[in-house]
Each structure stands twice: as C-alpha cells, then as structure tokens.
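Peer 1: Protein chains in written order, with the numbering used here: chain B, 1 to 241; chain C, 1 to 676.
Rather than coming from a laboratory, the hints here were simulated on the basis of the structure. Be a bit skeptical, because a hint or two may be false.
[Said to hold, decoys possible] Going by beta-carbon spacing under 8 Å, a handful of chain B positions derived as facing chain C:
id, residue
1, THR52
2, ARG63
3, TRP75
4, ALA78
5, HIS84
6, PRO86
7, PHE92
8, SER93
9, SER94
10, LEU95
11, SER104
12, ARG107
13, ARG108
14, MET109
15, GLY110
[Said to hold, decoys possible] Coverage of chain C stretches by chain B, computed from C-beta distances (three or more under 8 Å per stretch; other residues unrestricted):
id, region
16, 58-71
17, 373-384
[As the list claims (entries may be wrong)] Here are some chain C residues pointing at chain B (derived, C-beta under 10 Å):
id, residue
18, ALA175
19, GLU178
20, SER179
21, ARG181
22, GLN184
23, VAL595
24, SER597
25, LEU599
Quick caveat: nothing in here was measured; it's all calculated off a predicted structure. Virtual Cβ for every residue (Gly too), placed ideally from N, Cα, C.
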Amino acid sequence: MSPALLEADGLCASYGSYRALFGVSLEVPEGSAVALLGSNGAGKSTFARVLTGLVPASSGSVRLDGHDVTGMPAWRIARMGVAHVPEGRGIFSSLSVEENLSLSFRRRMGRGGIGEALDKAYAGFPILAERRRQQAGTLSGGQQRMLSLAKVLAVPPRLLVADELSLGLAPVVVDAVYDGLAEIRRAGTALLVVEQHIDRALALAEHAVLLAKGEVAWQGPPSGAAEAMERILGSGRAERT
Amino acid sequence: MSSFLDYAIPGIPYGCGFALLAVGLVLTFRATGVFNLAFGAQAFLSAFVFDLLNQYAHWDQPASFALAVLVVAPGLGLALDRFLFRHIPTASSTAKVVSSLGLLVAIPEMIPIIFGGRTRHRIGYLWLSPNLVYFHLGSTPVNGADIATTVITLGVVAALLAMFRWSAAGVTMRAVVESRRLSQLEGVNASRVAAGAWALSSTLAGLSGVLLLSQSNSIDPTNPLAFTTLLVAGITAAALASMESISVALLGGIGLGVLENVLVKYLPPGSVLATGFLPSLPFAVLVIVLLANPRLRHIEQSSDPMASVDPPPPPPAVSTRDPRLAAPMKWGFRILMVAFVASVLTWVPGNWVFVLAQGIVFSVIFLSVTMITGMSGQLSLCQATFAGIGAFTAGRLAEHLGLSVLAGALVGGLLAALVGIVLAVVVSRVSGLLLTLVTLAFAIFADNVLFQFSWSGGGITGVDVPRPAIGPLSFASDRYFLVLALVILAFCMLLVVLVQRGTVGRYLAAMRGSPGAAASLGINLTSTKVVVFAMSAGLAGIGGALYGSAEGPIASTDFSYVLSLVWVVVVITTGATTVEGAVQAGMAFAVLAQVLSYLPSRLDGLEFVMFAFGALTYAKHPEGIVEYQKARWLARVSRLLAAWDARHPGSGQPSLAGSGETASAAPAGSVELSNG
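Please construct the entire structure, taking both the sequences and the accompanying hints into account.
Peer 2: Here's what the structure looks like:
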C-alpha cells in the first residue's frame, strides 16, 4: 500500500468540558477517497476540524505526507494543500463572488495564476460568471455551495475534506456536486467525504469509516457499510438519499 | 445667504475632525470587530506625543509626526492586538466594549504618570500654520490648519476607500472580519491580518489626533476629556454610516461640523442653550440615529458561519463551598461588622472615618451597576448622571423646602428612577452596544445641559446637600454619618438580593442568556428592562444623594460622565454579579484613593489605571477578578476539607465532598454574608 497522505492517530478533542472524540485513527492514502459516516453528533465534523487545525487536538497526532502537523495553525495546513469545505456555508457572504474566488486562488496559485483559475471556475459554473459582482451572501443556497466547490474544483488541492456537501441541496444539485468530486479525484486529489447521506459517498469511496459516539465503530469496504450501520446504529438510523 | 456660508465653511475643517474619528471607528469595527471606544484616547496619546516632541523637545514637524503617528500609534495598536484582543476574538461585543472602555480610562490617566503633568504654551501644528490665512472663500478667511485638515482627511479617506475596494489586502481584511476560521481555511494568516488592521486603524487614530491638535478650539493635549467629547461626534457619524460605509462616515462627520457651526448663528449667544446645546448636539443626533437606523440593529449579530467551531465561553467560576464553612463565615462576618462599627465610633482617625464613609456611599451607588450590568447584562454608562439627579434633588429640596436629606434622597431616587424609566422606554428597542452608546450620549448631554441650569446642578457653583438628621438625632459628624450610611447600604443590599432571587432576577438571568429564548417563554423583555433600569437608577439616585451629603457642596463636575465610565470599570473589575462585589468595589475605590494620595501627585491617576487594567480581564472572567479568585479559594478550602474527611472517616459529616453549592447558588450564599 502506498504511504498514506493523511494519517490520524488516536485523536481526542473536546469543546470546553464536553469531549467529542475518543482516540480516532484513520488513514487516507494518496489519491484515494474515504467516506466518513455516522449519525448526528458522532463526531464527524469535529474530526474534520481537528484534521485541518480548526479545533485543537487534546491528544493524538495528525501526519500529512509524513510530517507531523498536530497543533499547527489552520492556515499553515491549508497552505500545505489541504482544502476543507466546512458544513453549511463555506463562503464569505460579505465579499463578492469574484472576491471569494480570487482570495482563495491567490494563496494557492500566486498573483499571476488568479486569472487563469477564475476562467476555469467560471467555465465549470457559468452561473457564477453571471454573478461575479454580486455579494456572495445574496446567492441562493445551491449557488453558494457551487461557489465553495468552484474554489476547490478549479484548483484541485492534494486533499479535500468535504463536510456534509449534500446537506439541504436539491437532488439535481447533489448530482452536480458528486460529479465534481469524481472529477478532481481523477485529477489526483485525495478525498475525505463526511456524510450523513451515505449512498453517494459510498459510491465514490473505496474505504468507509463509521464513527459512533466519538469512536471508530467499524471500518471496511463500502459494500459492507450499510449492513454495518444497520447493525451498529440500529435499523432506520442510516439515512438514505 | 453669504452669512450662512460664513458659518458653514469653517464647519468643514471642523467636521473633518469628526469625520476622521468616524472613519477610524468604522474601519476598526470592520477590520477587527471591536467597537473601539478607546479610539479617542489613542488619538489623544499621539497628539500628546507630537506636542511633547514638537513644543518641548523642539523636534521639527516631520520627525515628531513620524514618531507620534507612524511609530507610537501603530505600536500601541499592535500591543493592543497582541496582549488583549487576540485572546478574546470570540468574546461578546459587550466584553470587547468593556475592554476598550478600560483602555479609554487607562490611557489618558497613564500619560501624566509617565510624562508628568504639563501646561500648554503654544499650539503645535502638523503641516500648514493655523496662524496664516492663505485665502478667503467668500468673506471667510481660510487658514493653514483648515487647509491641512481638509486635504489630509479627504486624501486619507480616498486612499482607504481604494484599499478596501480594490486591493487584495482590503479583501483579505474583510474576509478575516467576517470569519477568522474560514479565512484560515483559505490559507490566510488571520492573526497577522488582524494585527495589521489594528496597526492601520491606530495610525488613523494618531493622525486624527495630530490633525485636531492644530484646531486650537477642540483639542488640548493637557485635557484628554476634549477627545472623548469629540469621540461621541465621531460615533454619531459612524452610526449614520451603519458602521459600514466609510464614505458616509466622512460625509456624516463633515455634515455634523457644518450643522454645529450654522446652529451657532441661530441660538441666542451666551445662553445655557447655546453653550450646552451645541456640544450636546452630536448626542441628540446620535440618539435619533441609533434608534432610527434599522441597519444598526444587526451589527452585533455574528455573521461567522463557523461560529459553532469555537468552544463555549468560560462559565462563571463554580463556587463549591463546603457547608461547614457557612457557619464560621457567618459568625466571622458578624464579629467583623461589630468590630468595624466599634472601631469607627472610637479610635479610627477622623480622615479615615471619612474615607470609609465614602466607601460605603460608593457601595450604594455601585449596587446600581450590579443591578444593571451584573443582573441584566446591559452596560449603562450614565450611572453618575442618575446619582447626580438624586444628589441635586435632595440638595434643592433641603434648600427650598427644608426637607430632611433622607426624605430628599428618597425623592431624588424616585426622580432618578423616573428618568431611568423614560430612558429605558426610549432604548427599549435596542440593547447591547447601542444601548451603551445611548446611555453614554445621555450622560454627556446631562453633563453639558441638564446639570448646568441654575435650578438643577447650578453649573460650577454647585449645590449644598446638608448632612441628614432624624428628629433631634443629627448625623453631622462623620462617625455617625458612617453608621447611618452602613444601615442604608444594608437595606439596599437586601433589596438587590431580593430582586436577584425573585421573579425579576430570574427573568433577567434568562434574558442575559438568550433574549430570544426568554421572549419565547412569555417574558416581556421591554417591561423587564424598564423595571431594572428604574430600580438601578433609583439606587444610584439614593447613593448620589448620600454622596452629596458626605461631600458637602457638590457641582456638576462631581457627576461627570467620566465618573460613570470609571465607576462601571471599577465594579466590573471587582465583580458585577454579586452584592459583595459592589461593596468591595466601593471600599476599594475610596481606600485606594486615600492610600495613593500619599504618593507624589503625578501618580493621581494610578487608581484608575489599576482598575481599568482589571476591566481588561472581563472577557475571561465576566464575574470579576476578585469574585473569581474568591471562588477559587473557597473551592480550594472545600477540597482540603473533603480530603481531610477522606482521611478521617467518621469524624466529619459524610457525603460532603461533592455536594458543595454550585454557581447558581452563589448569590444565595452571599445573602448570609451580607445580612449576617
């Protein structure tokens, strides 16, 4: 097996006095896709945030490319090629569409590469080109999600941590989102897809990890995930899209 | 028409001063999320340093400017970020305002401590001399300072507008303000951007200070208060701009300057209306703007989509008090009280008796802060005004009707409560930051107008509030007055505790936690707010009357709005949530002033500085540092007792180890302490 791009080892984290993670370990090999599943409050989003440095780990370690990045500020991890599309609205609503995109591209492409990246983003999402001067906060929910995805798709990162991308979106938009993920996957981006709606994520992934109460309850091939969820979380708990 | 222009034209450079402050406030708020009340103090610091170098050390203007505006100002900004605001990015905007309030009090007081007091001989200027008239606009002479102020202001604002709109740095700054977390995910070093924003806005503060310096009528580097008054004009223009638009802030500032200058023409010269209304014009406009501009109501709502990432704010220190401590503490307190009263009546030297009496009177006033800030979570900056209303009422009633001061204090308290009700009804639609600004505006208005009439505060002549007497019993001596004040304090404490534990207190606690949730439970937010404002104002009024009675003749300066700021800062520092907090604050305030009076006079402001720095900890320990430490020590003693139990089974009462009182029971514990 190729050396893992991302290795999390025994991660623990808490919000104030509330402990959310109890020693979670997980690997994402270079260029592969891992689905992180679990019910509401299982610790999925917290795990994603610890990986990208938003929430400090109280113990355990995160290694990226073999380098220890535990405790590094989020912006440094981001500059190492990790993109995190957070749950909900991952855009700056007070900035215009174009300002959102160029802010993101400037860090990754340098000043000279912004124009090219903008063209690519607009080619992928023509609606954003029409609305380039509009304040991002005034876009519809689906368009906002497209904007946060456009940042990633135009300039594929090495690792994308995608948190609940399909939440609250119309099925046709969900299709577009997952098409986009498959595309950057082909471009070499490794994916960690956090989802409550499991079918789409499992179709994309080659490995699945199930979190329950802040611990890894099961992991294995995607084909076994549905059965495992039913067994561990009880019937009816695994939501389907 | 030409005479209208004669008045309007000088208003433009004058208004540019307001405009710079307003733009600075908007910029700081947009770039750092802090409503920086200390902005005026920062401007003052740079003006002072410039004046010091230019007039005393005889540096030339460019060198003085470089050090005062380009080194000292951004340096202070960076220090504020590094040591204060960086650590509280997620604190509520009230906590941030309290921090900037502490700075507003501390910075001007530190200057004489560091540099010594100075008197001013000549007016320095930055670029063109204010003594040279360069040309006439119509029949209005335009001097160098007018040109310099206008040109520099317009230039700076244009540059800022361009930066925010077009430069990458401007976009990054706006992104960081909206969400630090999200911008970090884009690879932005948010801490460094915030530090840069502080340096930039502080430089702007320094620039406006130095520019205003040459407007001889507005700024005096020996008088920091002039800056604070200017600041309110700046706040008004910033509010006009909804804390958003830099260009509207500029126009608003200039408009205010022009309006003020034009109104001079129509008001009868020399009357109270002219001398008082004019400086309070910005406040009148501010109140209207704050209440009428609907966009302002949303400025405090966090727009950060990643807000849930942050850990919850620290809970108040849990007071785990071993029940066995209750009895010794109760008896200790009783013995201490008896010893205190006996000492005061017998051997304590006269000047110290007076100081202790002052402390008790302050405690009564400070209870009003406990009520409004500690219990309802609203920050009121006009408690000194309520105290003044009580004091002047009692004084006038004694003077004209021969009413006893005690009765006068009650009437004064009622009157203050009435004013409080009116104010609460006016501000019932706003809360948080806006409410704080309205109360500040009201305090400055009272200072300049309300207390200046011959029938109210009597201007500088003042009012004499006699010592109280009950029948043949006179409390003219300090010793007897102290005992009387102590009794009144005990009553007031009891009142506050009863309110705290009663329905209104529960409503307030709910409101403090979440106004929306409280309203959904059927709590009438408006009437609750009106009740707490009225009671707080009434307490302040009674305390103010006592204060007047303790001091003898008092004038409007004894209740200046600056005192409101200082008092709030003092109470917050020691502990605004409990009645003991207010008493500790009152005693510490009076006693420290007396102790420090033995030091050289340049250290006069040290007390304010100490308390102001204490207020900076508010964001971390909202219950006050004294209360925080007390809770920690009580917890420690309780733990020791529990450990002793564990080692000597059967000797102590069982099952005490984990059954200490929790935070919510702390006020109940305090009752025994206060009324024991």
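Peer 1: Checking hints one by one. Is SER93(B) an interface residue toward chain C, by the C-beta closer than 8 Å rule?
Peer 2: 6 Å, holds
Peer 1: Hey, does the GLY110(B) contact hint survive, CB to chain C under 8 Å?
Peer 2: Not OK, violated: GLY110(B) not within 8 Å of chain C, min 12 Å.
Peer 1: Does the closest beta carbon of chain C sit nearer than 8 Å to the beta carbon of HIS84(B)?
Peer 2: Cβ of HIS84(B) sits 5 Å from chain C, so the hint holds.
Peer 1: Under the criterion of a CB-CB separation shorter than 8 Å, is MET109(B) in contact with chain C as hinted?
Peer 2: Violated. Min distance 11 Å.
Peer 1: Any CB of chain B closer than 10 Å to the CB of VAL595(C)?
Peer 2: This hint is violated: VAL595(C) lies away from chain B, its Cβ roughly 40 Å from the closest one there, beyond 10 Å.
Peer 1: Against chain C, with CB atoms and a cut of 8 Å, does the hint on ARG108(B) hold up?
Peer 2: Where the cut-off is 8 Å and the nearest Cβ of chain C is about 7 Å from ARG108(B), the hint holds.
Peer 1: Have a go at the SER179(C) hint: is there a Cβ in chain B nearer than 10 Å to its own Cβ?
Peer 2: Holds, about 7 Å.
Peer 1: Taking 10 Å as the limit, does the beta-carbon of GLU178(C) come near enough to a beta-carbon in chain B?
Peer 2: 5 Å, holds
Peer 1: Can you confirm whether chain B covers the region 373-384 of chain C, using C-beta to C-beta distances below 8 Å and requiring at least three such residues?
Peer 2: Since 0 is below three, the answer is violated.
Peer 1: Under 10 Å, Cβ to Cβ, is where SER597(C) needs to be relative to chain B, so tell me if that hint holds or is violated.
Peer 2: 45 Å, violated
Peer 1: Quick check on THR52(B) please, does its C-beta sit within 8 Å of some C-beta on chain C?
Peer 2: 7 Å, holds
Peer 1: Does the closest beta carbon of chain B sit nearer than 10 Å to the beta carbon of ARG181(C)?
Peer 2: 6 Å, holds
Of the numbered hints listed earlier, those contradicted by the structure are 2, 14, 15, 16, 17, 23, 24, 25.
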